[in-house]
Amino acid sequence: MKYLCLAYGIQQQMEALSKSELEALMVKCRMHDEELRKSGHLVSGTSLEWAAVSIRRRNGKVVVTDGPYVETKEQVGGLVIIEAKDLNEAIRIAKLHPAANLGEAEGWGIEVRPIADGCHQ
Amino acid sequence: MDVREQIEALWRTEARRVYASLVRLLGDFDLAEEALHDAFAAAMEQWSRDGVPARPRPWLVSAGRFQAVSHLRRRARFDTQLGELAERLEHEDAAPQEDVEDDRLRLVFTCCHPELPVEAQIALTLREVCGLTTEAIARAFLTTPAALAQRIVRAKTRIQQEGIPYAVPELADLPVRLDAVLRVVYLVFNEGWSAASGSPADELCGEAIRLCRLLVELLPEPEAGGLLALLLLQEARRPARTSATGELVLLEDQDRSLWNAALIAEGARLVEQALRSRRFGPYTLQAAIAAVHAEARDASSTDWAEVVGLYDLLLRVEPSPVVELNRAVAVAMRDGPEAGLALIDGILARGQLGDYSLLHAARGELCRRLGRVGQARVAFERALALTKLEPERRLLQQRLDALRA
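Note that the protein sequences, when read in sequence, are chains A and B. Under the working numbering, the first residue of the first sequence carries the number 1, and numbering increases by one thereafter. Under the working numbering, the first residue of the second sequence carries the number 1001, and numbering increases by one thereafter.
The hints are simulated quantities; they were obtained by calculation from the structure and are not laboratory data. We put the beta carbon where it would ideally sit given N, CA and C, even for glycine. Please note: incorrect hints may appear among the correct ones.
[Said to hold, decoys possible] DSS-like mimics (lysine-lysine), calculated; alpha carbons at most 30 angstroms apart, straight line:
1. A:Lys28 to B:Lys1388
2. A:Lys95 to B:Lys1388
3. A:Lys95 to A:Lys28
4. A:Lys38 to A:Lys73
[As the list claims (entries may be wrong)] Reference excerpt, derived from the structure (chain B facing chain A, CB under 7 angstroms, subset only):
5. Asp1030
6. Thr1133
7. Thr1134
8. Glu1135
9. Leu1142
10. Pro1145
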């Protein structure tokens, strides 16, 4: 099964980090990517820019707005698609992601969602 | 067979064993799961080059352990605790060649530890011992994968926090601890058995039998053999329990030529062994009852006196109103419906099993045999209102329809 791991973070808190704190974080992320690639669980993954544009149809018209789809403090800041035997293995793997290990100061967390089979194929 | 096929075959036969050893060596389920995955990945790389080793299992165990230590070392850059753990693992006795089968038994006893809620014991055993996926277990137990995954995560956390040991219990604790394990096996089988055939829960019966065979093989306790006998004797009736149109067929109406003779023979042998030990318990007695049924050509030629006698014993070992109900049905077969009905009404008069659909179904059947159509209808209707199981609902509806005709 494939699982989507969405890393949620808070832009302001990330921007408040010092340069060296940010670098240390990047090292962690690169190491994690490398481990995931080596173990064969990685399907695809990337980090995201904060800037977002949302598109939806309202009152019969397609409306494009500046900003994320849902206005909350936490926004998707990265995503990884992994291959795992089941949800518990996906959870185990996601637990190793830096977003699951940073504390309140950085404000990250991770959401794991199964990728439905057979859709749009 | 090329190396890839050999490794795939090894995965099917050895992965759960290697995993059990890694849990013991690493003391952590998640670390062991990761190590198992890495060990097979390492095997793929190295064996393609150097060939498959003579004894693949110990190779996989030590490769897994090595991989786990190196993971911990890398992660220790951010978490000093992991460094200490890596240090400890590396310097622990590197000759971990204890009996691997003991590791599987350890894993069973840990997953079925009485400190864990029963639902967690079941989920954990099916995933960690039997190797079922979270999604498959969730489907079988009609719950969401997310809820089931959390149950498993919580159970693992609890094992760590409470320091639940990874060990086969001491002889003094064995009876109580074995009871817990056997109950999990029994519940897994029942869950599969009571589901409509063809549902995702079906495979649970097979898993329960495999698990019980493992127990009997590793821990030759009479009651484990008794439970295996019970499961086999019940499984033997599977081909006859539903009609061609998928309707449930009661024991007395089943076409006994469809019963699986090999399973019955094995079950009967196991029952005899367990009974001879004189250290048997309720599962063995239930199996002995099932064996009496299995040996009879049809319902009327069943040795009902023997069945009643076995229920008497069972009531002494494990008194319960449900056993009393079953005994009442056997008494009805031995002495006539009136005698059985009196016993069932006695249970109800004590305020027990009033909400148990099978009591009302049995009551309805006995009333029907006595020609008390009105009472039979009331009882079947009460049973229908109480059951949630679809096959049972259809059967009761048939009975009601037959009364009207």
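Here is how each hint holds up against the structure:
no., hint, result
1, A:Lys28 to B:Lys1388, "violated, 52 angstroms"
2, A:Lys95 to B:Lys1388, "violated, 39 angstroms"
3, A:Lys95 to A:Lys28, "holds, 13 angstroms"
4, A:Lys38 to A:Lys73, "violated, 34 angstroms"
5, Asp1030, "holds, 5 angstroms"
6, Thr1133, "holds, 4 angstroms"
7, Thr1134, "holds, 4 angstroms"
8, Glu1135, "holds, 6 angstroms"
9, Leu1142, "violated, 16 angstroms"
10, Pro1145, "holds, 5 angstroms"
Checked against the numbered hints given earlier, this structure breaks hints 1, 2, 4, 9; the rest are met.
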